[in-house]
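A.B. asks: Residues per chain, in single letters:
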Amino acid sequence: MKTLIPLILLLAAGLGYATYQFWAPPPGSWTAAEAALIRSMSLSALPPLPADPSNRVADDPLAAELGHQLFFDERLSSTGTVSCATCHQPEHYFTDQLPLAVGKSLGPRHTPGLVGLSHSPWFYWDGRKDSQWAQALAPLEAAHEHDFSRSELASLISSDAGLTALYEKVFGALPEVPMNTAPATPDGDADKIAAWQALDAEQQQAINQIYANAGKALAAYQRKLQPGRSRFDDYADALDDSVDTRTNDSLTDTEIAGLALFIGKADCVSCHNGPLLSNHEFHNTGVLAVDGQLPPMGRYEGVRMARQDSFNCLGPYSDAKPEQCLELRFALDSNELVGAHKTPTLRNVSETAPYMHGGQIATMAEVIQHYNEAPVSMLSHNEAKPLGLRAAELRQLEAFMHSLTAPLATAPRWLQAPASAQGEQALE
Amino acid sequence: MKKPSPRRFAVVLNLLFLLLSSTPPAVAAEPLQAELANGWTIELRSQLQPLVINRLHSWQLILRDSNGQPLNGASIEVTGGMPDHDHGLPTAPLVSATAEDGIYLLQGMRFHMPGYWQLRAVVEKDGFSDEVVFDLQL
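Note that the protein sequences, when read in sequence, are chains A and B.
Here my numbering is used: the first residue of the first sequence is 1, the next is one more, and so on.
Here my numbering is used: the first residue of the second sequence is 1001, the next is one more, and so on.
Please note that the accuracy of each hint is not assured.
Residues from chain A that face chain B, not an exhaustive set, calculated with beta carbons under 8 Å [as the list claims (entries may be wrong)]:
(1) 22
(2) 379
(3) 383
If you only want the chain B side, here are some residues facing chain A, beta carbon under 7 Å, derived [unchecked claim]:
(4) 1048
(5) 1050
(6) 1090
(7) 1091
(8) 1096
(9) 1108
(10) 1112
Calculated directly from the structure, the hints in this document are not laboratory data.
Keep in mind the model is a prediction, meaning the values are calculated, not measured.
Note that beta-carbon positions come from the ideal geometry of N, C-alpha and C, so glycine has one too.
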């Protein structure tokens, strides 16, 4: 009999450990505060799209048509093979399933999705652009992306009857530009800069105007890309009358337990908040630098670049009055921003792996493990703290992440190349 | 003249809110009030109602002397942060004077997380200077 005692003790300890790791029932009820917090994350609480005073055609339907055409047009590249949709693929919520984006060549960053993005005041992982139209200009000229140039863009729009017609409906007469010159831009390699300097100021100005307007049309198109209601939203909206966690069966018990962690012990909600599950702000979460890259400075440098950008809200191609450029004016500039990246939305996140600014983390389970450990940041400090979640809780949090996916609330025609993607036919 | 509290800790707003211990966004923010060491009062009113997170907005600041008379010409600096998270505001707000007596405008405010925030106002005028701290639950 005596010999059995250690065995029984061992079994009991094993059972205890297993229960501890794997048994974590969801809460029975929400406090009023929790219920309100959950409702504040529902799409029903999403405010109307914020106006963009720097882009007077942001909500012009014809501008969106033009942007739609440009977005899918592979002629906007030196190889004739790269469009925005090469990386921002509609069937993958405007991401590309790659760790690092590949345009003309391999780039340094992971492709973020574009859904609901027009609610954000800042663009890029490091926030180096202060409007969606100014953002759209950069990939066109980046050597690893479209490797195009503003002079070629102006030529293309001027020589394609369909694009010219649409452009003129939105922006008025197309200024005259030198046709089919060598690729010219002030932001390219030595040859392109030399070609740019060979143009006179009036030509440069006309080209810049068309370039900026193309960006404004691309932004108008992207404003159409909005998230659709997920099971989580149905669950959150039904909490109105009751704080019983099982008021409705839109979420499973496991997902409800994951939601409780998300807004509670795991505190994801401090950054992933509001209806887009993003505060659109910049945080250091201790993600390792991409192999072979130095740890990035993130927003610390991004805010400087946004201030210096000649296409920012205060620049000559912005439609805003200086006093409307509030984001730029009150942008924080602080050491807190070293290594900080923009909080991405978690809408549809189950469909947009891999994750993080360099695609460093392959799966959702690993993302959650990352937060559980909260490794020390290589630069500055990791704002997230170790969570000490148990195995069952890690699974619950992961399950909740999968309840945020839904088809977009965007008419299907915007999610594919337009019939006239090559610009052959003008839109009537 | 009323005596300033020893730590000059301005007391909380929105008692109702705390009583219900409800922390949701979408609650009308009550004005925040505090007394400075010399008996002056400062009041902060959010112009965003309800006061929600993730929205750039302004506050009106009202500065009065101990007789309730408006005070012009003060320099006021407002900073803020979340003590539990060890970080500040996500923006760099600024205070400017307005055309109205004793009324100042605090622009460029944004709260980016739900939870417990503190705002600090440093008021300086005619050689007098004091700091008050407000608690804010979002």
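A.B. asks: Does each hint fit the structure? Answer for all of them.
C.D. replies: Status of each hint after checking the structure:
no., hint, result
1, 22, "30 Å, violated"
2, 379, "16 Å, violated"
3, 383, "7 Å, holds"
4, 1048, "11 Å, violated"
5, 1050, "11 Å, violated"
6, 1090, "5 Å, holds"
7, 1091, "5 Å, holds"
8, 1096, "12 Å, violated"
9, 1108, "3 Å, holds"
10, 1112, "4 Å, holds"
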